[in-house]
Structures are given as structure tokens and as C-alpha cells.
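Engineer: Chain by chain, the residues:
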Amino acid sequence: MAERSVFSVMSVIGLVSAPVLGVMAVANSGLTWFQVTVAVVALLVGSMIVASVSSGNRLTVAIGVAAALPFVFVTPAGVDLYGVAGVYLIGSAGLGLISLTRGTPLLRSGGFAGRQLVGFVTFATVFAIVRRMLGTAVGESGWEVLIPFVTAGVAWFFVDVGLWAVFASEYRRVSARYLGLAGVGDANVFASLVATGALFGLMFDALGWWALPVSLLPYSFAHSAFRRFQETRSTYKQTIRALAHIPEAAGLNLFGHADRTSAMSVAMAKDLGLSPEEVEDVEFAALMHDIGRITLNETTVLDQGWTQDDLARWGSEIIAGAPSLNRVSGYVRRQYEPYRKPGEESDPTLSVVARIVKVASAYDAAATGEGLSRLEALEQLHQGAAYEYDPEVVASLRRILDTDAGRRAVSV
Amino acid sequence: MKPLIRRQARVAGAYSLLGLVCLVGVLAVTNRPDWLTWVVFAFAFVALEFKTVEVNDRMLQSSGLMVLLTAGTVFALRPNASALFAMVAIAALGSVIPEDVRLKRWFQPLANFGQMVVSAACAGVILDQMLTGAPLASPYTLARVALAGGLASVAYTIVNLTMVRYAVKYVYGQRNLQPWSGLHVLLISQVTLGAVGGLIGAGLVIVGKPAVAVLVLIVYLIAHLSFSSYSQLREAHQSALRGFVKVLEARDLYTRGHTERVAYFSQLIGEELRYTGTQLERLRFASLIHDLGKLAIPGDLLQKQGSLLPEEKAEMRQAARKVEEILGEVDFLRPMVSISGVHYIDVDTFDADTWSLDASIVATADAFEAMTSTRSYRMALSQAEAFAELRSDDSGRFFPDVVNALESGLVRTGEVYGGSGVPAASQATGGPPHG
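Top to bottom, those sequences are chains A and B.
For the first sequence, the numbering used here assigns the number 21 to the initial residue and increments by one for each residue that follows.
For the second sequence, the numbering used here assigns the number 4 to the initial residue and increments by one for each residue that follows.
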């Protein structure tokens with residue numbers, strides 16, 4: 021805890037000293053206070069317009085504003101680095117304060133402001149350096165701007181995602197690898213924001229404020245595309261979830277089993293560092309692993325009896341009705357199989373997705389179905405580890421259930 | 004030659020001839036463009052046309068149009084160049100898409116060639132008239148560009164849609180005109196697109212840096228790709244739902260295909276009531292899921308012949324309520340969950356206050372489908388009998404407007420359902436012509 025309070029004090033120092041340093045930097049620059057105010061306000065207003073992304077990273081129009089500054093604030097010698105840095109310092113302290121007033125804890129607000137600042141500064145510095153290095157080598161053809169811009173944008177993106185993944189994995193109990201991969205998946209959103217900022221910056225000189233609508237309109241198409249994509253994604257998930265609840269509503273399965281299995285499976289998948297795509301497969305496969313139980317409604321089936329294999333087959337047949345869920349159907353087909361049969365090596369074709377769902381489902385059956393305590397249920401899994409269950413997956417479940425944050429993540 | 008092919012050949016011949024005349028005429032009267040710039044735009048346009056994205060039921064091909072207008076504006080503003088030639092020549096290139104080649108289609112490319120060249124010519128004339136010689140330094144020029152772009156875009160859209168509409172009507176008869184039922188919505192988005200396309204063009208000319216074009220292209224390409232992945236995801240979602248419904252319906256021989264037909268009738272009613280693309284989509288989803296309630300019902304009860312005992316009815320109603328709760332978990336379906344219980348609602352439990360127009364549409368489509376197809380316990384009614392029953396129902400579930408819309412929709416498409424001399428079996432397997 022001592023460590024925590026040290027970081028909190030550092031956050032306060034950072035949030036207070038950044039604007040002071042910013043004012044000093046601006047005083048050394050060629051900018052007027054009016055220009056600085058407009059730029060800072062634009063940065064803060066931009067931070068309210070959030071682009072929809074899958075990863076959970078916060079990407080806003082502020083990124084575009086920050087990207088525009090090195091283009092707008094120029095001196096005959098090149099980028100007005102003092103002015104740009106001054107606006108970044110004042111602006112990122114403002115972003116931290118806004119985050120605080122929204123109820124985000126001090127440590128995370130400070131971290132957010134710091135991360136933004138490091139990203140901004142990376143961009144401006146790389147941009148200015150590469151531009152100076154190019155010098156007059158490429159003339160005024162446009163490449164003298166584009167090459168530094170692309171280099172700086174890429175550097176900024178990886179710095180931002182890297183810092184975010186490291187910070188966020190601290191308080192989310194999720195592997196930094198998973199977050200990093202998810203963050204890299206937002207490259208399209210980030211690129212469109214940065215390019216929009218640069219576009220505005222390039223046109224501002226010639227068009228004045230007309231540059232604003234002209235540069236923002238193409239982005240607004242992208243923005244609405246991102247939003248629609250995420251909306252559809254969430255509707256898709258809701259639909260799958262709703263379908264997964266049908267056997268439970270019909271009294272053919274333990275109530276809430278699909279949701280609990282899915283929450284636990286997703287937590288394990290993220291803990292084990294699976295890619296975002298695999299995590300999504302895990303989520304769908306876990307939700308629907310018992311969908312085959314719908315069939316237990318039919319009289320002929322009940323008369324003839326059924327096995328675990330039948331259930332898995334029916335489930336995968338139902339899921340196979342949806343072409344886009346082909347992989348998930350395959351996982352559901354095999355999720356009841358043992359990790360390894362006595363005397364044999366573990367089957368390499370049995371996907372980790374299926375192994376995760378098996379462990380989560382078994383834990384819920386023990387904890388909720390049989391009413392065992394957490395430790396008793398885990399003990400049961402441990403006894404089956406190495407043959408019935410994948411020991412690595414069981415160890416991951418234990419890691420998650422051993423922390424408060426982990427238990428919160430899997431309680432639904 | 005089959006009549007369909009003969010009609011196609013006539014339209015394809017007339018349109019492509021018109022396009023060719025237009026192209027040659029323009030070639031003869033205008034100056035040549037700066038080829039390097041032209042090639043860049045043509046490439047972008049063709050690339051976008053190749054990967055056409057359906058934003059929703061209305062917004063097709065918009066990306067290509069915007070690039071076309073940007074190109075037109077650039078050439079109109081430049082001295083000694085003309086938007087007309089640049090646009091007509093670009094449009095001519097975009098008329099064949101890989102889909103056509105893959106499916107060995109000849110009619111679409113030929114007709115498209117004519118439509119696109121003529122529409123582009125109309126838009127080009129507007130841009131040239133309004134922008135040639137406009138002073139680049141004047142602050143009013145940008146407003147003028149926005150206006151010209153908007154107008155040119157509207158002209159392109161109207162000419163193109165009119166030609167497409169005529170061709171579809173002539174070749175295929177009345178059906179399949181659904182994407183153009185809400186022209187006003189389309190026009191608003193086209194005006195915006197045109198104005199933006201024009202402004203970007205003006206930005207390119209006035210700033211004079213190719214870097215601007217590259218950046219615009221980056222943002223625009225990202226938007227385009229995101230729309231196309233959105234569209235793919237939406238498609239995946241819909242086909243997933245369809246797939247599930249199909250697998251689950253397989254349990255019951257008599258209702259096989261029921262859901263698809265209900266979705267089709269709902270769509271028909273929605274079109275008659277001038278629903279927009281988004282509303283139609285919601286209706287389609289609602290009608291696809293309206294019947295999932297029966298999954299929670301024991302199979303023997305579901306397939307039971309004759310009427311149900313009171314306790315069996317209660318069981319059915321309870322199952323339906325549970326499923327309503329589940330479907331309420333899907334955000335955009337929440338206002339319509341009462342639909343899923345439509346089979347099990349007795350007149351005395353029906354609550355008119357929560358009954359929406361959407362709910363009434365799906366309920367009407369569902370009842371009509373049930374009455375006009377043969378079930379385990381009775382033969383199909385004729386279409387006229389079914390409408391008479393819908394109108395005599397005094398529960399308030401079937402709004403008169405909705406019933407009328409269904410009837411006029413069926414008149415429009417010339418379809419007849421139900422057991423009036425037509426064997427019911429062919430109805431059950433035939434399905435709607437499209438849906």
C-alpha cells in the first residue's frame with residue numbers, strides 16, 4: 021500500500037506541475053495566449069468525443085487535435101516545439117482533471133494524463149526530428165510532411181497501446197499480451213484520428229476555419245462506421261446470449277449456468293494471454309456449450325436416452341446452422357472430452373478453447389449445482405487435473421479466484 | 004430467346020448505346036484532363052466500386068460517388084480542364100465489378116455502363132457550369148463548391164435511380180424495388196456526400212499539396228473498410244439467427260419455413276407503410292425471433308393435435324413469458340418482446356397499451372401465415388378467408404392499417420397465398436420469391 025500512496029503523490033505532483041511547465045514553455049514560444057487557449061479547449065472538447073473501439077482503450081478526437089498542432093504551430097525553422105509542448109502539458113493535465121471529476125481514482129487519472137502526455141510528446145518529437153533529418157532532400161513535394169507524419173504516428177500508436185496495456189493489466193487482472201493485441205486491433209481508429217488532425221493542419225493555412233468541416237466530414241463517416249460496428253457487435257452478443265438462455269428458461273439446465281461459464285471462461289482466456297479473436301470464440305462457445313439441451317424437450321429423445329456426446333453433437337449441429345460460428349461449433353462438439361486419456365499424450369487437436377470451457381462448466385456444476393464451496397470445487401478440479409482437466413487451465417482458474425478483482429470479474 | 008433475356012437485351016442495348024454516345028460526344032467537345040491526377044482518382048473510384056458496401060438498405064455505392072465528385076470538382080476548378088470529361092471517363096471504368104465477371108453476367112455491366120456514364124455526365128455539366136473560372140482566393144468559392152457538389156450529387160442520384168428503376172421494372176416486372184422506396188432519406192445523405200466530396204476537391208486544389216489527397220484517402224479508406232466489416236458482421240448476425248431458426252424449425256414438419264414467410268410478410272407490410280431501412284431491419288429481426296418461444300415448450304405439447312387443455316395452455320403461456328424475458332435482453336428488440344408471446348395471448352390477457360405498430364405487423368404476418376398454410380389440425384384457408392378473419396378479429400391485435408397494407412402489398416407483388424385450389428404443400432415448400 022505504501023507503494024500506492026507514493027504513486028498517488030506522484031500523480032498529484034504531475035497534475036499540478038504539468039500546467040506550470042506548460043505555461044513556461046508557451047512563454048518561450050512564438051504563440052499568442054489566444055492560440056494556446058483555443059488549442060487547449062479544442063483538445064479538451066475533443067476528448068469528449070469518444071470513438072467506439074473493441075479493446076476498451078480510450079481513443080478520442082483529442083488525438084486528432086494533438087496531431088494537428090505540429091502542422092499548425094510552425095516557425096520558419098520548423099515545428100514550434102515549445103508552443104506545441106506547452107499546449108500538450110496544459111492539455112494533458114486538463115484531461116487528467118476531467119477524468120478525476122468523472123470519478124476515476126486519482127492514480128488512474130494521473131496515469132491517463134501521463135500516458136496521453138508521453139504519447140503526444142513522442143509524436144511531436146519524432147515528427148520534428150524526422151522532418152529536420154529529411155531537410156530539403158525531398159523538396160516541397162509533400163513527402164517532406166508525410167514521411168515524418170507516418171513515422172511519428174506509428175511511434176505514438178505503439179507507445180500509447182504499450183502503456184495502456186501495461187497500466188490496464190495492473191487493475192484488470194488480464195494479461196498485458198491480450199490487452200496489447202486488442203489495442204493494436206484499434207489501429208484503424210487511431211490512424212483515422214491522426215490523419216484527420218494532420219489533414220486539418222495542412223489545410224488550415226490555406227482554407228482557414230473551412231478546414232474544420234472539410235477535414236472532419238470524412239472522419240465523421242469513419243466515426244459512424246466504428247459506432248455501427250460496435251453496436252452490431254454488442255447486438256450480436258446479446259442475441260447469442262439470449263439464445264443460450266433458452267434451455268435454462270425451459271428448465272432443461274441449471275439456471276444461469278451459461279452466463280457463469282462464459283464469464284469464467286473469458287477471464288481464464290484473458291489470463292492465459294489468448295488473442296482477442298480466441299477470447300471471443302471462448303465467450304461464444306461457453307455461452308452455447310449446452311444449447312444442445314434444447315433437444316431434451318423431445319419425447320423420442322427422452323425415451324431413448326442420451327449421452328454427453330449426443331448433447332455436444334446436437335449443440336454443435338444447432339450452432340453449425342450459423343455459418344459465421346463455424347469454429348465455435350467445432351469447439352462445442354469437443355468441449356466435454358477429457359484433456360488426456362490414461363497412458364496417452366494430451367491430444368494436440370483438442371483446442372485450448374474447448375479445454376477452458378470444460379473447466380469453467382465443471383467448476384460451475386460443482387459450485388452452483390452441487391453447492392460446494394470455492395475451495396471444495398477447486399479441489400475437485402485439482403483431482404481431475406492432468407487427465408480430465410488441463411492443469412494449466414485449472415491453475416489459471418485458481419489464480420483468478422484467489423484475488424478479489426478476479427472473483428468480481430466472474431460473478432454474474 | 005426467352006422473354007426475360009430478350010427484355011434484358013433490349014435494356015442493355017439501349018442503355019449502353021446511350022452511354023457510348025454520351026462518352027464519344029463528351030470526348031469530342033472537351034479538353035483532355037491531366038492524366039496523372041485522373042488515373043489516381045479513377046483508381047480510387049474503381050477500387051471503391053469493386054468493394055461496394057451496403058451501409059444499410061438505402062446507402063449503396065456512396066463511397067464511389069464521393070470520389071467521383073471530388074475528382075469532378077478538382078477538374079472543374081483547374082484552368083483548361085473539365086469535370087465533364089473526367090467524370091464520364093471515370094464512371095465508364097466503374098461499370099464492371101468482379102462479381103459480374105465471376106457470375107458471367109452480361110446484363111448488369113452493360114446497363115450499369117449506360118446508367119453511370121449518363122448520370123456522371125449530368126453531374127459533370129453542373130460542376131462545370133457552376134465552378135469553371137471560380138476565383139480560388141475568394142472566401143465564397145468554398146460555399147459555391149459545397150452547393151455545386153450537393154446539386155451534382157442529387158442530379159447523379161436521381162438520373163441513376165430513374166434509369167435503374169425503369170430497367171428493373173421493364174425487365175423483371177414490379178417486384179424488387181424495395182431499396183428505392185425511401186428516396187427522400189437517400190437524397191439527404193447524397194447531398195451531404197456531394198458537398199463533402201466537392202469541398203475535399205476544393206481543398207486539394209486550393210492547398211495544392213498531394214499530401215492532402217493521401218490523407219483524405221487514408222481516412223476515407225478506413226471509413227470504407229470499417230463500413231464493410233460492419234456490413235459483414237451484420238450479415239453474420241442475420242445469417243446466424245436465420246440458421247438457428249432453420250435448425251430449430253426442423254423439429255416441426257408443419258411449421259417448416261414459417262418464420263421465413265412471416266419475415267417476408269412483415270417486410271411487405273413495412274414497405275407498404277414506408278418504413279425506412281433501419282426500421283425494416285428491426286422488423287426482420289423481430290419476425291425471425293418471434294417464434295423462438297416454442298423452444299421452451301415441451302415437444303409433445305407443441306405437436307399436439309386439436310385444442311389444448313386449460314393447464315396445457317397455462318404451461319404454454321408461462322413458457323412464452325420466460326422467453327419474452329430472455330428476448331428482452333437484446334436491446335433493440337426490447338420494445339417488441341410482446342410479439343414473441345403472440346401465439347399464446349388470449350383476448351382477455353391482451354394489453355392494448357403495450358401493443359405497438361411493429362408488434363401488430365408481426366402478429367398480423369404471423370396470423371396470416373398460419374391461416375394460409377396447412378397445419379397438423381386443419382387445411383389452409385384461402386387468402387380471402389384469411390383476410391376476412393383478420394378483419395373480424397375484435398381483439399385489437401391486428402391494426403386495420405396493417406391488414407390493409409398486407410393486402411395491398413400482395414396485390415402489388417401479384418402473389419396469392421392460401422388454399423384456394425392451390426395445393427397447400429407447394430405453398431409450404433415454395434417460400435417467398437425473395438426475403
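Heads up, some of the hints might be wrong.
Unchecked claim - On the chain B side, residues computed to face chain A include the following (Cβ under 10 Å):
{"hint": "1", "residue": "L7"}
{"hint": "2", "residue": "S66"}
{"hint": "3", "residue": "V99"}
{"hint": "4", "residue": "P142"}
No lab work stands behind these hints: they were computed from the structure.
Just so you know, even glycine gets a beta-carbon here, dropped at the ideal spot from N, CA and C.
Engineer: Can the hint on V99(B) be confirmed by a CB-to-CB distance to chain A that is less than 10 Å?
Structural biologist: This hint is violated: V99(B) lies away from chain A, its Cβ roughly 26 Å from the closest one there, beyond 10 Å.
Engineer: Less than 10 Å between beta-carbons is the criterion; does P142(B) satisfy it with respect to chain A?
Structural biologist: holds (8 Å)
Engineer: At a threshold of 10 Å, is the proposed contact between S66(B) and chain A supported by beta-carbon distances?
Structural biologist: This hint holds: S66(B) lies near chain A, its Cβ roughly 9 Å from the closest one there, short of 10 Å.
Engineer: Taking the least C-beta to C-beta distance, is L7(B) closer than 10 Å to chain A?
Structural biologist: Result: violated, 31 Å to nearest chain A Cβ.
Of the numbered hints listed earlier, those contradicted by the structure are 1, 3.
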